[in-house]
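Participant: Next come the chains, spelled out residue by residue.
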Amino acid sequence: MKEPFAPPGERWEPVSPALARLRHALVVGVAVVLLAVVGVLSLLLPVPAAAWVGAVVLVLLAAPLAWVLVGRNARWWGYAERDADLYIRHGAFFRTLVVVPYGRMQYVDVQAGPLEQAFGIASVHLHTASPGTSARIPGLPADEAARLRDRLTSLGESQAAGL
Amino acid sequence: MTPPEDGPDRRPYRRLSPLTPLVRGFILLIAVLASTWDDLLRGDLGPFAWLLLAILAAGAAYGAASWLRTTYRIEADELRVDTGVVSRQSRRIRVDRLQGVDIVQPFVARIFGLAELRMDVAGGSAREGSLAFLTLRDAEALRETLLSRRDAVRAGRNAAADGSAAAPEGSTAAASRERVLARLDLGTLLASLLLSVETVLFLVAAAVVAAAFVVFGQLGGVAGVVPVVVGFALTQFRKLSAYYDFTLSTVGAAAGDTGWPAAVRVRRGMFERSTQTITLARVQGVVVSEPLLWRRLGWARLDVAVAGYAGGQGHDNGPSASTVMPVAPRGEVLALARTLLTGSFPGAPRTEPGPDPDAVPLSPAPVRARWTAPVSWRFLAGGLGEDLAVAREGIWTRRTHVVPHARVQSLRLRQGPWQRRLGLVDLRVDSPPGPVSLRMRHRDAGEVRGLLEREDALAREARLSSAG
Numbered sequence: 001m002k003e004p005f006a007p008p009g010e011r012w013e014p015v016s017p018a019l020a021r022l023r024h025a026l027v028v029g030v031a032v033v034l035l036a037v038v039g040v041l042s043l044l045l046p047v048p049a050a051a052w053v054g055a056v057v058l059v060l061l062a063a064p065l066a067w068v069l070v071g072r073n074a075r076w077w078g079y080a081e082r083d084a085d086l087y088i089r090h091g092a093f094f095r096t097l098v099v100v101p102y103g104r105m106q107y108v109d110v111q112a113g114p115l116e117q118a119f120g121i122a123s124v125h126l127h128t129a130s131p132g133t134s135a136r137i138p139g140l141p142a143d144e145a146a147r148l149r150d151r152l153t154s155l156g157e158s159q160a161a162g163l
Numbered sequence: 164m165t166p167p168e169d170g171p172d173r174r175p176y177r178r179l180s181p182l183t184p185l186v187r188g189f190i191l192l193i194a195v196l197a198s199t200w201d202d203l204l205r206g207d208l209g210p211f212a213w214l215l216l217a218i219l220a221a222g223a224a225y226g227a228a229s230w231l232r233t234t235y236r237i238e239a240d241e242l243r244v245d246t247g248v249v250s251r252q253s254r255r256i257r258v259d260r261l262q263g264v265d266i267v268q269p270f271v272a273r274i275f276g277l278a279e280l281r282m283d284v285a286g287g288s289a290r291e292g293s294l295a296f297l298t299l300r301d302a303e304a305l306r307e308t309l310l311s312r313r314d315a316v317r318a319g320r321n322a323a324a325d326g327s328a329a330a331p332e333g334s335t336a337a338a339s340r341e342r343v344l345a346r347l348d349l350g351t352l353l354a355s356l357l358l359s360v361e362t363v364l365f366l367v368a369a370a371v372v373a374a375a376f377v378v379f380g381q382l383g384g385v386a387g388v389v390p391v392v393v394g395f396a397l398t399q400f401r402k403l404s405a406y407y408d409f410t411l412s413t414v415g416a417a418a419g420d421t422g423w424p425a426a427v428r429v430r431r432g433m434f435e436r437s438t439q440t441i442t443l444a445r446v447q448g449v450v451v452s453e454p455l456l457w458r459r460l461g462w463a464r465l466d467v468a469v470a471g472y473a474g475g476q477g478h479d480n481g482p483s484a485s486t487v488m489p490v491a492p493r494g495e496v497l498a499l500a501r502t503l504l505t506g507s508f509p510g511a512p513r514t515e516p517g518p519d520p521d522a523v524p525l526s527p528a529p530v531r532a533r534w535t536a537p538v539s540w541r542f543l544a545g546g547l548g549e550d551l552a553v554a555r556e557g558i559w560t561r562r563t564h565v566v567p568h569a570r571v572q573s574l575r576l577r578q579g580p581w582q583r584r585l586g587l588v589d590l591r592v593d594s595p596p597g598p599v600s601l602r603m604r605h606r607d608a609g610e611v612r613g614l615l616e617r618e619d620a621l622a623r624e625a626r627l628s629s630a631g
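If you're matching them up, the sequences are chains F and U in order.
Here the numbering used here is used: the first residue of the first sequence is 1, the next is one more, and so on.
Here the numbering used here is used: the first residue of the second sequence is 164, the next is one more, and so on.
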């Protein structure tokens, strides 16, 4: 009897720690912007000071919580390449495990937005004929993402099963 | 802007039916005539009537020009359609890309004996491949030609070289092998439409209005109920007209094949007749639906998921293109389901019917699932058979989703925080868009990983054997 989200082999291949760094940076960025907005509004609007203090406290409490949660979430991303299929696990709160047979892949995407590029990571997205297949691995080091894409594409070609 | 090359050395191009502009502008024609006919009879036309007649004349001229400028022909393994009055358009549809060819007869076209040919092209919208209107006989002949040519191309035979000689023979042979599998009689259809949740709501509404009348002595609520009643009647009437004279027949396989059919054909409709062909090799799964009120009578409905043909989402509202049997005794529905599933097992001996979904042992969700799905947990069940994955759910309408292992796209496990406390996990089998969505919800966390890995192995084995 196996734990439902256990790795198929020895362990899960983790994503780059840069993913957690990127998300932490985002949390800090959003908190700073929110504090700045509160500060500017407090100078412009005639609202009692207690409301502004409350808003600042709320942001200062929420930010560390978000910091912990996004870090935990990033650590839960993992994948495992097997002979005929790819296992992907993610989500600390809502846990998901996806199994995509290479023979069912229609195409593979590699995406890297400006922020991701700055952190040297990219995400790989696998598509099958089903829109329900949400097989995405974010936060792979850029060269690892390219390697995985090439490997998945060649495996997909050799094992393609049609519809 | 490619002008059609009409040289005598070319294969002859063909036109749509000359009645096409009349059918397309029929509503306009009737409207104009209805609003001006007494003026016309008196020979005394006002400026408004003149304007309407001018619009009509312009429409007729455009329609005629459009008809003259629309041609189609089969070139090697392409269907070429040239259209456009001012800016010309030339579309080529490769026959080996055809998912299916449907024939639809809207009401007006049917009066004139015309039909529209709709071609489903992989990745194209419905409008991409449509020829409207042809005579029904031409449409049927063209469909047979296209389908047999597609099969020839797919089978690797050289259809380009001698396709013109081989195709007509193949088409007549395939057409003659059509055999009626099931026919829906009007009485059953009417009864099934009356035995619906809507009817119950309607009766409840009527009872409330009657009670209000007795208590207050006036029909205050009637105005509010009228739209509900009209809506109900319209929905049911749309289903009645869509499913009227529903006939399901099998279409023979390529020459030399015996036993399993290659496709089934659905014909249906009261005012608008439509004919839809479902290639069994493209069937991704089936759903057997049993609404609460039908269960006592043992009736069920059958929907099918076909790759590249999303159709309806399989809900109870309105008719759906994915339905292959609107209502029939459950045993009959299961027999049809087995026939539809045969396309997923090209290697199996062809004398047997397809795998039986009822033979798959289903196990229920554990009792503690009641803490997350208080009522529906009782109705959850799922299991893996030798050839099929089966899951059942639904309080009011019991739906049994069936997916052959050979058609599984991907697998998913999902667990929310509350499910984690209860030790439950959802298992999903992903299918292409359509009515089939197989979920085994709230399975025991200890067994679910085993289920996933077993399904994964079965699906891989099935893929390998159906590819080889």
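I should point out that these hints are in silico values taken from the structure, not numbers from a laboratory.
Be careful, since some hints might not be right.
[What the hints assert, rightly or not] Which chain F residues face chain U? A few, computed with CB under 10 Å, are given here:
id, residue
1, P8
2, G9
3, W12
4, N73
5, G91
6, F94
7, A135
Where is the CB? At the ideal position from N, CA and C, for every residue including glycine.
Participant: Does each hint fit the structure? Answer for all of them.
Facilitator: Results of checking the hints against the structure:
With its C-beta approaching chain U no nearer than about 8 Å, F/P8 sits inside the 10 Å limit, and its interface hint holds. For the restraint placing F/G9 at the interface with chain U, the shortest Cβ-Cβ distance is roughly 12 Å, beyond the 10 Å limit, so the hint is violated. Hint on F/W12 is violated. Least Cβ distance to chain U is approximately 14 Å, over the 10 Å limit. Hint on F/N73 is violated. Least Cβ distance to chain U is approximately 13 Å, over the 10 Å limit.
Annotation: interface hint on F/G91 holds; nearest CB of chain U at approximately 8 Å, less than 10 Å. Restraint check, F/F94 versus chain U: the minimum CB separation of about 5 Å is within 10 Å; hint holds. The interface hint given for F/A135 is met, as the beta carbon of that residue sits about 7 Å from the closest beta carbon of chain U, less than 10 Å.
Hint check: violations occur at hints 2, 3, 4; the rest are consistent with the structure.
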